[in-house]
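Given the sequences, and given the hints that come with them, work out the whole structure.
Listed below, chain by chain, are the residues.
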Amino acid sequence: MVPETIATRMTDGALTEKEQDRLLVERSRDGDTAAFDTLVLKFTPRLYATVYNMTSNREDTADLLQDIFARAYRSLKRFRGDSGFHTWVHRIAVNTTLNFLKSNKHRRTLSLEDMDSAIERDKDYLELTASSDPVREAGLNELQQHLNAALQKLPESHRAVVVMFDIQGMPHAEIGHIMGLSQGTVRSRLFYAHRQLQAILSDYLK
Amino acid sequence: MNKEEQLQRLLRLKRHEQPPEGFAEEFLEKFQRRQRSELVRRSALSILGERLQAWFEGLRRPAVIWGAAGAYAVLVLTLWLLPRPTPQSDVTMIVGTENPSTAPVDHRINNSGTEPKIVPLPNYQGPGKRRTTDQEQNKESLIGPEEKNPEKSADPPLRDL
Numbered sequence: 001m002v003p004e005t006i007a008t009r010m011t012d013g014a015l016t017e018k019e020q021d022r023l024l025v026e027r028s029r030d031g032d033t034a035a036f037d038t039l040v041l042k043f044t045p046r047l048y049a050t051v052y053n054m055t056s057n058r059e060d061t062a063d064l065l066q067d068i069f070a071r072a073y074r075s076l077k078r079f080r081g082d083s084g085f086h087t088w089v090h091r092i093a094v095n096t097t098l099n100f101l102k103s104n105k106h107r108r109t110l111s112l113e114d115m116d117s118a119i120e121r122d123k124d125y126l127e128l129t130a131s132s133d134p135v136r137e138a139g140l141n142e143l144q145q146h147l148n149a150a151l152q153k154l155p156e157s158h159r160a161v162v163v164m165f166d167i168q169g170m171p172h173a174e175i176g177h178i179m180g181l182s183q184g185t186v187r188s189r190l191f192y193a194h195r196q197l198q199a200i201l202s203d204y205l206k
Numbered sequence: 001m002n003k004e005e006q007l008q009r010l011l012r013l014k015r016h017e018q019p020p021e022g023f024a025e026e027f028l029e030k031f032q033r034r035q036r037s038e039l040v041r042r043s044a045l046s047i048l049g050e051r052l053q054a055w056f057e058g059l060r061r062p063a064v065i066w067g068a069a070g071a072y073a074v075l076v077l078t079l080w081l082l083p084r085p086t087p088q089s090d091v092t093m094i095v096g097t098e099n100p101s102t103a104p105v106d107h108r109i110n111n112s113g114t115e116p117k118i119v120p121l122p123n124y125q126g127p128g129k130r131r132t133t134d135q136e137q138n139k140e141s142l143i144g145p146e147e148k149n150p151e152k153s154a155d156p157p158l159r160d161l
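Heads up: the sequence lines are chains A and B, in that order. Following the numbering used here, the numbering of the first sequence begins with 1 at its first residue and continues without gaps. Following the numbering used here, the numbering of the second sequence begins with 1 at its first residue and continues without gaps.
No wet-lab data here; the hints were simulated from the structure. None of these values were measured; they are calculated from a predicted model. Some clues are possibly wrong.
Restricting the straight-line Cα-Cα distance to at most 20 Å, the calculated cross-link-like pairs of lysine to aspartate or glutamate (EDC-like) are [unchecked claim]:
no.: 1; chain 1: B; residue 1: Lys30; chain 2: A; residue 2: Asp32
no.: 2; chain 1: A; residue 1: Lys42; chain 2: B; residue 2: Glu29
no.: 3; chain 1: A; residue 1: Lys42; chain 2: B; residue 2: Glu5
no.: 4; chain 1: A; residue 1: Lys42; chain 2: B; residue 2: Glu25
no.: 5; chain 1: A; residue 1: Lys206; chain 2: A; residue 2: Glu156
no.: 6; chain 1: A; residue 1: Lys77; chain 2: A; residue 2: Glu26
no.: 7; chain 1: A; residue 1: Lys206; chain 2: B; residue 2: Glu5
no.: 8; chain 1: B; residue 1: Lys3; chain 2: A; residue 2: Asp133
no.: 9; chain 1: B; residue 1: Lys3; chain 2: A; residue 2: Asp124
no.: 10; chain 1: A; residue 1: Lys206; chain 2: B; residue 2: Glu4
no.: 11; chain 1: A; residue 1: Lys18; chain 2: A; residue 2: Asp30
no.: 12; chain 1: B; residue 1: Lys30; chain 2: A; residue 2: Asp67
no.: 13; chain 1: A; residue 1: Lys102; chain 2: A; residue 2: Asp60
no.: 14; chain 1: B; residue 1: Lys3; chain 2: A; residue 2: Asp67
no.: 15; chain 1: B; residue 1: Lys30; chain 2: A; residue 2: Asp63
no.: 16; chain 1: A; residue 1: Lys77; chain 2: A; residue 2: Asp37
no.: 17; chain 1: A; residue 1: Lys77; chain 2: A; residue 2: Asp67
no.: 18; chain 1: B; residue 1: Lys3; chain 2: A; residue 2: Asp203
no.: 19; chain 1: A; residue 1: Lys153; chain 2: B; residue 2: Glu4
Cβ pair distances, simulated, as ranges [what the hints assert, rightly or not]:
no.: 20; chain 1: B; residue 1: Trp55; chain 2: A; residue 2: Thr87; range: 24 to 30 Å
no.: 21; chain 1: A; residue 1: Gly139; chain 2: B; residue 2: Trp55; range: 57 to 63 Å
no.: 22; chain 1: A; residue 1: Tyr73; chain 2: B; residue 2: Leu48; range: 15 to 21 Å
no.: 23; chain 1: A; residue 1: Gln183; chain 2: B; residue 2: Thr78; range: 41 to 47 Å
Ideal placement from N, C-alpha and C gives every residue a C-beta, glycine not left out.
The structure is reproduced here in structure tokens:
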């Protein structure tokens, strides 16, 4: 059951994000499907980004997300709240995606999302085009293709770390929780992955 | 800007690869449809399986109880597998003196698991001591009469002839 104090504070709008998630999980466990729908809506964009950047395929991503949320729903009973729901559901997402990538290693194709128009005002993009001729000369589509192809050349476990750290902006500690690794291992994987990416993308890094 | 920083900026550009607007809502509708259809399609067997699984998961919680039961089972199994003692057979150690370091010992293997008995020989006085007449008689009674020296009773050697 939902603790009374949490329920009261939620109506007051005084709950932290983590507490709100916990409350939604409690309600979902009690059979409130609308509460789980709220969680799905909230976490779809974040999980989409993780899974998409690991697979570089939008159809696979949509299918995997269905599996991930179905698995999360079935496992709600086992969510103990030691970590946040965000970390817990991300763990399911990363494990499901890694298993998928391992079992479909030899039939991978890229199917990419369009870059949104906001990229042309992005500070990083503006500075990169100002300082690097190859980035400026390459169109956005070409750059996107090269970036995704480079990521796909990384081992899956290294790719997952790069996606969560460099693209999603997660801290080392949370990545460690999600993947069941120490922070040292996360840093080490990042180091080797960055070195490999620098070699693959050397044309753009001058 | 060094290469590492350039790489990190390049990778951050991938944040702009987003699904089309309204994707989350559409995805939720599909998810609800799938959940409902799965619920309808589920056979009685799979429901039973899920309930059994939940029941076993419930059993797993009191780990202390299961741990204690496991330890008890291991203990019982160990006791059962231990070799049992065989029926006892007495072995007598025959010793000629009360000093065990110099006494002759019966080296027959003692499988009974019991302490051997030390029985001194009558009138044995230890190694290197001359036997008395009584001792000679006792010896004869134990091992029979001593064989006489064949050289003394046989014919004289050829060179003496």
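For each hint, the structure was consulted:
1. Simply put, lysine 30 of chain B and aspartate 32 of chain A have alpha-carbon atoms about 18 Å apart, close enough for the 20 Å limit, and the pair holds.
2. Distance hint between lysine 42 of chain A and glutamate 29 of chain B is fulfilled; the C-alpha atoms sit about 14 Å from each other, no more than 20 Å.
3. Taking the CA atoms of lysine 42 of chain A and glutamate 5 of chain B, the gap is about 31 Å. The hint is violated against a cut of 20 Å.
4. Of the pairs offered as hints, the one joining lysine 42 of chain A and glutamate 25 of chain B holds, with about 10 Å between alpha carbons and a cut-off of 20 Å not exceeded.
5. The suggested pairing of lysine 206 of chain A with glutamate 156 of chain A is violated, with an alpha-carbon distance near 27 Å, which exceeds 20 Å.
6. For a cut-off of 20 Å, the pair hint linking lysine 77 of chain A to glutamate 26 of chain A stands: about 9 Å separates their Cα positions.
7. For the given pair, lysine 206 of chain A sits about 11 Å from glutamate 5 of chain B by alpha-carbon distance, which is consistent with the 20 Å threshold.
8. Between lysine 3 of chain B and aspartate 133 of chain A the alpha-carbon distance is near 14 Å, which keeps this suggested pair within the 20 Å criterion.
9. Note on lysine 3 of chain B and aspartate 124 of chain A: the hinted pairing holds, with a Cα-Cα distance of about 14 Å set against a maximum of 20 Å.
10. A threshold of 20 Å between alpha carbons decides the hint, and for lysine 206 of chain A with glutamate 4 of chain B the separation of about 11 Å falls inside it, so the pair holds.
11. Annotation: proposed proximity of lysine 18 of chain A to aspartate 30 of chain A holds, straight-line Cα distance about 19 Å (limit 20 Å).
12. Restraint check for lysine 30 of chain B and aspartate 67 of chain A: the C-alpha separation of about 12 Å stays at or below 20 Å, so the hint holds.
13. A hinted pair counts as satisfied when its Cα atoms are at most 20 Å apart, and lysine 102 of chain A with aspartate 60 of chain A qualifies at roughly 14 Å.
14. At roughly 38 Å between alpha-carbon atoms, lysine 3 of chain B and aspartate 67 of chain A are farther apart than 20 Å, so this suggested pair is violated.
15. At roughly 10 Å between alpha-carbon atoms, lysine 30 of chain B and aspartate 63 of chain A fall within 20 Å of each other, so this suggested pair holds.
16. Distance restraint check for lysine 77 of chain A and aspartate 37 of chain A: the Cα-Cα separation of roughly 17 Å lies within the 20 Å cut-off, and the hinted pair is therefore satisfied.
17. For the suggested pair lysine 77 of chain A and aspartate 67 of chain A, the alpha carbons sit about 17 Å apart, so the restraint of at most 20 Å is met.
18. With a C-alpha separation of about 11 Å, the suggested pair lysine 3 of chain B and aspartate 203 of chain A falls inside the 20 Å cut-off, and the hint holds.
19. For the hint pairing lysine 153 of chain A with glutamate 4 of chain B, the CA-to-CA distance comes to about 18 Å; that is within 20 Å, so the pair holds.
20. For tryptophan 55 of chain B and threonine 87 of chain A, the hinted distance range of 24 to 30 Å is satisfied, since their beta carbons lie about 29 Å from each other.
21. Checked against the hint of 57 to 63 Å, the pair glycine 139 of chain A and tryptophan 55 of chain B passes, with Cβ atoms roughly 59 Å apart.
22. Roughly 20 Å separates the CB atoms of tyrosine 73 of chain A and leucine 48 of chain B, a value that falls within the hinted 15 to 21 Å.
23. Our hint of 41 to 47 Å for glutamine 183 of chain A and threonine 78 of chain B holds, since their Cβ atoms are close to 44 Å apart.
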